[in-house]
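Construct the complete structure from the given sequences, taking the supplied hints into account.
Listed here are the chains, written in short residue letters.
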Amino acid sequence: MKFKDIPISAWIGILSTSVFVFAAVFAPWIAPYDMADPVGQVWEPMSWKHLLGTDNLGRDLLSRLIFGARTTLTIAAIATLLSFFVGAFLGMLAAVVGGWIDQLLSRFVDLLMSIPTLIFALVVLSVLPSNLITLILVMGVLDATRVYRLSRAVGVDINVMEFVEAAKLRGENRVWIITREILPNAMSTLVSEFGLRFVFMVLFLSALSFLGLGIQPPQADWGGMVKENKDGIVFGIPAALIPAFAIAMLAISVNLIADWLLNRSADTKGGRGEL
Amino acid sequence: MSGALKLIAQRIALGLLLLLLVSILIFSGTQILPGDVAQSILGQSATPENLANLRAELGLEKPAYIRYFEWLAGLMRGDLGTALTSGVPISEAIAVRLENTLFLGAFAAAVSVPLAITLGLVSVRFRNRWPDKMISASTLASISLPEFFIGYLLILFFGVKLGWFPSVATVYEGMSFADRINTTVLPALTLTLVVLAHMMRMTRAAILNVMQSAYIETAELKGLGSFKIIWRHALPNAIAPIVNVVMLNMAYLIVGVVVVEVIFVYPGMGQYLVDHVSKRDVPVVQACGLIFAAIFIGLNLLADVISILSNPRLRHPK
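Chains A and B supply the protein sequences, listed in that same order. If you count the first sequence from 1, position 255 lands on 255 in the working numbering, and the numbers rise without skipping. If you count the second sequence from 1, position 244 lands on 1244 in the working numbering, and the numbers rise without skipping.
Be aware that a few hints might be false.
Some, not all, of what chain B presents toward chain A, calculated at C-beta under 10 Å [stated by the list, open to error]:
#, residue
1, Leu1016
2, Leu1025
3, Arg1127
4, Leu1235
5, Val1282
6, Cys1288
Over the 12 Å line for every Cβ pair with chain B, so calculated as not near, a few chain A residues [unchecked claim]:
#, residue
7, Ile101
8, Asp110
9, Lys168
10, Ser206
Cβ pair distances, simulated, as ranges [as the list claims (entries may be wrong)]:
#, chain 1, residue 1, chain 2, residue 2, range
11, B, Leu1021, A, Leu137, 21 to 27 Å
12, A, Ala77, B, Pro1048, 23 to 29 Å
13, A, Val234, B, Ala1056, 27 to 33 Å
14, A, Pro7, B, Phe1227, 50 to 56 Å
15, B, Tyr1068, A, Asp110, 35 to 41 Å
16, B, Ser1136, A, Trp11, 14 to 20 Å
17, A, Ile14, B, Tyr1065, 52 to 58 Å
18, A, Val234, B, Lys1279, 33 to 39 Å
19, A, Phe89, B, Ser1136, 31 to 37 Å
20, B, Thr1118, A, Asp34, 49 to 55 Å
21, A, Gly236, B, Thr1118, 50 to 56 Å
Don't read these hints as lab results, they were simulated from the structure. Quick caveat, the model's predicted, so the values are computed rather than measured. All C-beta atoms, glycine included, are put in the ideal place defined by N, C-alpha and C.
As C-alpha cells, then:
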C-alpha cells in the first residue's frame, strides 16, 4: 500500500484524529492550566491568557477541552471495543452454528433494536447506579446489536465459501473456523464499521452527558461541558459551542477515515486487499 | 386487494406482538439490578423506614411477573400509574406533553420530508455535478453533528444575535397557532437539519436504482424531459424504499426530540423522561419509554403498510 493512494479527505481525517488523540494522551503536559482550577472570571471571552475563554465557573476552557478529550475518547473507545467483542463474537457464532442459537440471538436482537437506543438506555440508567462501569456496559451492550447484525451477515457469507468447507472437512473445530477462517476475511469490513460505531459512541456518550446522565462532574467530558455552559448561550456567550464543535470535528474526522476504509474494502472485492 | 389486506393484517398482528414483547423488555429493564430497586432509588443513605415505604409503594413485596401484569392491565385502561416524586397520575402529566412532542415532530416532518424528497430529485437530475456533490458532502457533516451543536448554533444566531425567534421554546395552553409555530421554529429547524441529509441521500439512492431500469431508457428514447422522467416514471416506482427511509427518519426524530427538547427547554415528553430518569422515578420512565417505543414501532409498521399498498403487484393480484 502506498501513501500517495490515500485520498486527501482521508489525510485530513487521519491528521485531525491524531491531534485529538495526542491531546488526550498528553493532556497533563499540554494543557495550560489544571482542569479543575478557577483561574479567571466567569465566561471570559477568548484572549491570549485563555485561548478559548473560560467556562461557567471561571475554569480555562482549553484545558478542560484537552482533559475532556481524554475522558470522551477513552470511554467511547472502551465501549466500542466491548460492543465489538460481544457483537462480533455472538454474530460469528450465530453464523457458524446456525439453528436455534441463531434464531434465538437474532430474534432477541430484533427485539432490542425495536426500541430506540437512547430511550432504552434512559430506561435502564434510571435504576442503575451512575458510574463509569455501568455507563460503558449499557453503551457497549446496546450497540452490540448493530455489530451483531453486521458480523452475522458477513459471517454467513464467508461460511459457505470453499476454504471454510475445506477446513470443516479437515475436521477443524468451530473456534478455529471462526478465528482462523472467517474472522481474518471479515476484518476489513469490521474495521471500517469500527470507525462508524466509534463515532456513534462519541455522539451517544455526549448526548447522555449533555442530558446529565453520562459522565458525572467533576470529571470533564465534552457533552458534560456543553451542559455546564449552555446557560450562557441566551446571553450570547458561545462557550457551550466550543466542546460541541470539538465533538463534531472528531466525528467528522473519524468518519472520513472510515469512509476511505469502506471504499477501499469495497474496491478490493470482498475486502481481502492488503492492509 | 385481498392479498394485500392479508399481508397488512399480518404486519399489524406482528406489530402488536412486538409491542407486547417490548413492554416486557422495558419492564424487566428496570428490574435487572441484582439488588433492590428501592435501595438504588434512594441510595446508600436511606433509612429502613423510607426503604420499607418505597417498597410498599412500588409493590415490591409481590413477585415481578405479577407486578408486570398489574402494570400491563393498568396500561390497557390508560392508567399509567402515579409518579413517585410528585404523586400526580402519570397519564394526566403526559397527555399535554405528548401533544407538544407530536406537534414538534409533525412540524419538523412537514418541513423535512418534502424538502428532502425535492432535493433528492434535484440531486438525481444533476447527478455527479455540483448540486449532487454538495448534497453528498452535507450528509457527512450532518451525521457527525450532534443535535446540541446545531441547536445552540441556531439559538445563538437566530435567537440571540438576530432576535428573529425566541431562544427558549415555551409553549402553553391557549397559545395561538401562529405563536406556537413561531416559538417552535428553531427546535423544528434543528430536527429538520438532523434528518434532512440522510433522507435526501437515501431518496437519491432509491431513485437512481430505478433509473437503471429498461422503461426509463424507453422514456428517455421517447424524448421526455429529464425532470418528467424522474417525476412520472422513476418516483412512483421508488415510493416503497423512500417511504421506508422517511419512516426511519421519523423514528429518528422521535429520539432526536429528547435532546432537542432539553436544548430548547420545550415542555414535551422527552424532557419529562430525562427529568425523571435523574430523579429515578421508575414508573414515569417506564411509561415514557413504552410510549416512545410504541411510536417507533407504529411508524415502522406504517412504513410496511404503505410500501405494501404502493406495490401494484400486491394491490392487483392475478
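Cross-check of the supplied hints:
The beta carbon of Leu1016 of chain B is not positioned within 10 Å of any beta carbon in chain A (closest approach about 12 Å), and the interface hint is therefore violated. Interface restraint check: Leu1025 of chain B against chain A, minimum CB-CB distance 6 Å, threshold 10 Å, status holds. The interface hint given for Arg1127 of chain B is broken, as the beta carbon of that residue sits about 18 Å from the closest beta carbon of chain A, more than 10 Å. The restraint placing Leu1235 of chain B at the interface with chain A is violated, with a minimum CB-CB distance near 28 Å, outside the 10 Å limit.
Look at Val1282 of chain B: its Cβ gets to within about 6 Å of chain A, closer than 10 Å, so that hint holds up. Taken as an interface hint, Cys1288 of chain B checks out: its beta carbon lies about 8 Å from the nearest beta carbon of chain A, inside 10 Å. Residue placement check: Ile101 of chain A keeps its beta carbon more than 12 Å from all beta carbons of chain B (closest about 19 Å). With 12 Å as the threshold on Cβ separation, the claim that Asp110 of chain A sits away from chain B is violated: the shortest Cβ distance comes to roughly 8 Å.
Listed as outside the interface, Lys168 of chain A is consistent with that label: its C-beta sits roughly 35 Å from the nearest C-beta of chain B, beyond the 12 Å cut-off. Remark: the non-interface label on Ser206 of chain A conflicts with the geometry, its nearest Cβ contact in chain B lying 6 Å away (cut-off 12 Å). Between Leu1021 of chain B and Leu137 of chain A, the C-beta spacing of about 22 Å keeps the proposed range 21 to 27 Å intact. Taken as a hint, the range 23 to 29 Å is violated for the pair Ala77 of chain A and Pro1048 of chain B, whose Cβ atoms sit roughly 42 Å apart.
The hint said 27 to 33 Å for the Cβ distance between Val234 of chain A and Ala1056 of chain B, and at roughly 44 Å that hint is violated. In this structure the supplied range 50 to 56 Å is violated for Pro7 of chain A paired with Phe1227 of chain B, their Cβ-Cβ distance being about 33 Å. For the pair Tyr1068 of chain B and Asp110 of chain A, the supplied restraint of 35 to 41 Å is violated, since their beta-carbon distance comes to about 21 Å. The hinted window of 14 to 20 Å between Ser1136 of chain B and Trp11 of chain A holds, with their beta carbons roughly 19 Å apart.
Distance hint for Ile14 of chain A and Tyr1065 of chain B: a CB-CB separation of about 53 Å, consistent with the stated range 52 to 58 Å. Taking the beta carbon of each, Val234 of chain A and Lys1279 of chain B are about 25 Å apart, not inside 33 to 39 Å as hinted. One distance hint, 31 to 37 Å for the beta-carbon pair Phe89 of chain A and Ser1136 of chain B, holds here, with the actual separation near 35 Å. Checked against the hint of 49 to 55 Å, the pair Thr1118 of chain B and Asp34 of chain A passes, with Cβ atoms roughly 52 Å apart.
A beta carbon spacing of about 35 Å between Gly236 of chain A and Thr1118 of chain B contradicts the range 50 to 56 Å that was offered as a hint.
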